[in-house]
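Sequence order for the protein chains is H and A. Under the numbering used here, think of the first position of the first sequence as 1, with each following residue one higher. Under the numbering used here, think of the first position of the second sequence as 1, with each following residue one higher.
Rather than coming from a laboratory, the hints here were simulated on the basis of the structure. Beta carbons: idealized from backbone N, C-alpha and C, even for Gly. Among the hints, a few may not be true.
[Stated by the list, open to error] Chain A is faced by these chain H residues, among others (derived, beta-carbon under 7 Å):
id, residue
1, N55
2, E73
3, G103
4, Y104
5, G106
If you want the building blocks of each chain, they are given just below.
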Amino acid sequence: MNALEINQLCKRYDNGFLAVKGIDLVVKQGDFFALLGANGAGKSTTIGIVASLVNKTSGSVKVYGHDLDADPEGVKRCIGLVPQEFNFNQFENVFDIVVSQAGYYGIPRKKALARAEICLKQLELWDKRNEASRELSGGMKRRLMIARALVHEPKLLILDEPTAGVDIEIRRSMWRFFKKINAAGTTIILTTHYLEEAESLCKHIAIINKGNVIENMDMKGLLEKSDEEVFVLSLDRPVEQLPSIAGSRIESVDETTWQVSVRKESGIHALFDELSRLGIRVTGIRNESNRLEQLFLKLLAKKEVEDV
Amino acid sequence: MFKKEYLVGLQTITYKEIRRFLRIWVQTLLPSVITTTLYFLIFGTLIGSRIGQMKGYDYMDFIVPGLILMAVISNAYSNVVSSFYSAKFQHNIEEMLVAPMPGWIILMGYISGGVLRGLIVGVLVTIVSLFFTDLQVAHPIMMVIVFLLTGVLFSAAGFINAAYARSFDDISIVPTFVLTPLIYLGGVFYSIDLLPAFWQNVSLLNPVLYMIDVFRFSVLGASDIPLLYGFSVIVTFIVFLLGISLRLLSKGIGIRN
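This is chain A alone, in the form it adopts within the complex (with noise of 0.2 Å):
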């Protein structure tokens, strides 16, 4: 049953979340928005020219999407990590736990903080873009829908991390040595379609394909993988890392002694 405290619970975390990465905005914000105006830069303006047409796109407005979708997902996942990691490293989760919210609350607390610093990176870099391209989005309400979709995954993802984690390093393995491959694998700067026919089949493993691809779609109104076979995919991520986070909550476990 929902009550009107626990509104008033998740509105808290809500906003204790959006005031730490607003107050330390150097360190949350700004990072994205400057290597995402280096990549534009680089592969964009420089590369991007001489490579010339991408499925039918400059290379330019065929990378655009995909850098957008990758800051959201940095910055969502990150939000959450450090957020609730910190938040266990100091104990300070305690005054969450002593309180009258059920695990979803806290849970729905630390994702809204992900996915508002998702969305507003993935917003600053899409003004950045447009200094470089004259970006037509086909489907704007599809692409709000991806950028919430992409930031409630990541940053499920990130609180997983952050519950088994028992130092930094285990919040920055995962990062380094997961998250950017599949990212940078999953086709932000080129279509699969110029892989071999194997590494095609092996990049369709990758769930953030299906996201880049989506968004893609709902940027340039152009796909690899059919639409609803993509958003499948995403929403089953969705629940699958949802009832993980909920289980480790209700469990205590990484919590709880």
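Just chain H, with the same shape it has in the complex (with noise of 0.2 Å):
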């Protein structure tokens, strides 16, 4: 079964402004799905009908075979989301905001209790408990929206750039937490804007760019797309004058540092054996981690071109 299922969506507010523009998408249960785009392109908008937070224009959403139209109770029942904003009541406490989410799911008093305590210890909030949501940090903030949207146990859980703000540190123990429940079984849709984060995370992968799905495949076969890799060298001495080498385009980053991008066919062995010939000695070498988010600048621009 399909955890979401969405034919021709389409939304457009009361001003006029088509935000989704007849969007096909389908989310396989247990997949860790990316939706990308740049702001504005439409993913939130599409999040917000399926969290029936939005009302849709047109088409239809199904989620675990429940109809947004038909059944949105059901609909509701599977879905987790973790907004982009902060929205719970800054005056409340920690522990009664996620008790009183399990209590808007129906769940009753003592097992919400249980579920909460589960949930904050989970994401190492527990200690917090009593602290007034206002007096969060940042990171600890966006760790009780994942908290309260867990506490009834979702099947599909929607986060909406759940690392927004937050420190690497803490970003990296929020991709283990995303890794180990998707391997427990919750589906997970991830809007980000940190595009190393959807790599990193992510089996398949759609690009939104204003309404329309411009790419939707498996991340692997996305990152194949890419016809070059981009790496770091470090050079053992400043080198004035940039040499010219078929197949690669370098760019000075300082004066011993540089970033070359390699087409794939070329090879990283022709490189090296010009530098070698030309004798400019590599004392370091890094591989630039931003695959995918080359590969979202160029289908940008190329759709820009197509549109024009």
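These two chains come separately, so use the hints to put the complex back together.
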């Protein structure tokens, strides 16, 4: 069974703006699915419609077989949403926020208290349970929203930029947590601006641009579409003139550091052979892990050209 | 169909509302008690003794029911308007919108909160009134029924105000420019018999008049308007406002994008 099926979804806002223009999307059960797009591309509107926060104009949405029009409560029961903006009561304490959310899903209070404890411990917030939510740090607020979204044990977790503004250490620990719950069977849809995050976590990816899906495939296949790799080279001494090497494009970062884009068909060996022939000694090399970012920008640029 | 889960959802919203107004009791419960005490002191004790009797009752006895109901009206209204608008403003309304609860459960939850706050303040003001007058309730059951109906009516009105509100100004405009004049001109401090015929007829367009009149009947046993007529107006307004509230929720007007 598919976790999510979207067919010809459209959303036109009251001001006439067409935010989503007939999107088709399928997310398989157990998937870790990335939904990427620039600001205003239509990601959050699409997620808002699926989570019943935005009224759709037309099209259909099914979540685990429940149709949004015919069985909205069935859809809601399957979904846990972590929105982009903090949307809890700033004056309530952490524990009450999570317990109340369980109550809204019809979970009796005794069970809700136990579930809230489990979720807050999982997200390392148990010690903060009696604090007002406004007192929490940014990272803790994000984790509170994740705990709240998980309290009713959803089959489909939707994460709308869950690590925005979170430091790298907490971000990595959140990644580990997302991988763990995905491995345990929860389907996850992620939108993020950190493309490294999508590349590291997701199995499938869709790119939305101006309300349309312009790419939808598995992550590996998408990355293979990238026709070049980028390396950062450290040199043993400054080189005044940048060499011209077939199949590679060299840019100077500083006196002894180059960023080199190598076309896949040329291969890295040809680059090193040529550098060696020119007497340029490389003391260090690292792969720029922004393959997805480059591909993302290329796809958007290509779409712009097509539109023109 | 009413499911067990709905009851849990309703209880959750009601508890949350009770927690909210008890947490900030100095802002929610105390002001009405203080202002009503001042009314009792100034209009009842100081000025009232010079006014003499109104419809055969001491002036203090005459204004007590209206002042109690005024506290119920303003508290039920302001509880829902401020709580629901604040939930919209902070976006925590989304916690309820994403959950499998129908709109009418959300509405009932907020109305329960408004009615309970109105009831608590009403009881507190009634207790205060006992320091100023020997209050004898003629029809206690009817008094409770009017308490509840008034609470429901003005909670629903507060909900509609909050749904349409786009700023904090919008939630203070209606209470200041509509609700307060309706209460003051609804016969809290005078009997409409005192008015010229034309203004008596104009007063009959004011729904608050019927509530105060029916409530005064439940306390004193005397009223300006036939009882059945008064109850009919109250119930009609409740049905009308609940209908609008449910429509706003089902369409998501002022609530969803």
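Interface hint compliance - H/E73 to chain A, C-beta minimum distance less than 7 Å: holds (4 Å)
Does H/G106 meet its interface restraint, that is, does its C-beta lie within less than 7 Å of any C-beta in chain A? Constraint on H/G106 satisfied, holds at 2 Å.
With 7 Å as the cut and Cβ atoms as the points, is H/Y104 at the interface with chain A? holds (4 Å)
Once the shortest beta carbon distance from H/G103 to chain A is found, is it less than 7 Å? holds (3 Å)
Agreement of hint H/N55 with chain A interface, Cβ distance less than 7 Å: Holds - the Cβ of H/N55 comes within 7 Å of chain A, reaching about 5 Å at its closest.
Of the numbered hints listed earlier, not one is contradicted by the structure.
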